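Undergrad: Sequence:
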Amino acid sequence: MAIVDLILFPHFVVMLIAIILFSVSISMVALHKPKNWLLLHKFFASLGLLTGIIALILLGGLVLEILHGILGLVSIISFTAIIVIGLVAIYKKDKNVRKIHIWLSRIIYILSLFLIVLGIVTFLFF
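Just so you know, we're using the numbering used here here: the sequence shown kicks off at 192 and counts up by one.
These are calculated hints, taken from the structure and not from any lab test. In this text, all values refer to a predicted model and were calculated from it rather than measured experimentally. Backbone N, C-alpha and C fix where the C-beta goes; we use that ideal spot for every residue, glycine too. Some hints could be false.
Derived lysine-lysine pairs resembling DSS-like cross-links, with alpha carbons at most 25 Å apart [as the list claims (entries may be wrong)]: (1) K284 <-> K226; (2) K284 <-> K233; (3) K233 <-> K283; (4) K233 <-> K290; (5) K224 <-> K286.
The following label-pair restraints were derived from C-beta to C-beta distances [to be verified]: (6) L258 <-> L199: 39 to 49 Å; (7) K233 <-> W294: 13 to 23 Å; (8) N227 <-> F305: 27 to 37 Å.
The task is simple: from the sequences and hints, build the whole structure.
TA: Quick look at the structure:
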């Protein structure tokens with residue numbers, strides 16, 4: 192496959208948009224700007240998850256025969272859980288739950304960056 196085929200692959204394009212939305216969400220937390228950063232953080236994280244689910248649907252089915260597919264499904268499920276944990280942390284005002292939300296978010300975000308590379312390699316060479 193060629194790079195052009197990758198760029199035209201709907202799953203890749205939509206998943207790239209999802210990771211950009213998650214990156215924007217994380218930057219809101221890191222910078223605490225603008226003033227309503229928490230609302231924007233929740234909005235962009237939720238939109239990123241929705242976009243990721245749409246990218247999964249665009250495949251027409253799960254591809255669990257490859258590592259990228261397995262870890263991708265794990266990351267979508269994890270992002271869903273992380274958003275729920277984040278909402279629980281806000282409404283319960285529990286610092287331990289907040290720490291879990293922060294650390295799981297970091298781990299899954301890094302996994303997602305790895306998944307982009309793994310997906311590109313899988314698409315181009317296998």
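Undergrad: Which hints, by number, does the structure contradict?
TA: 6
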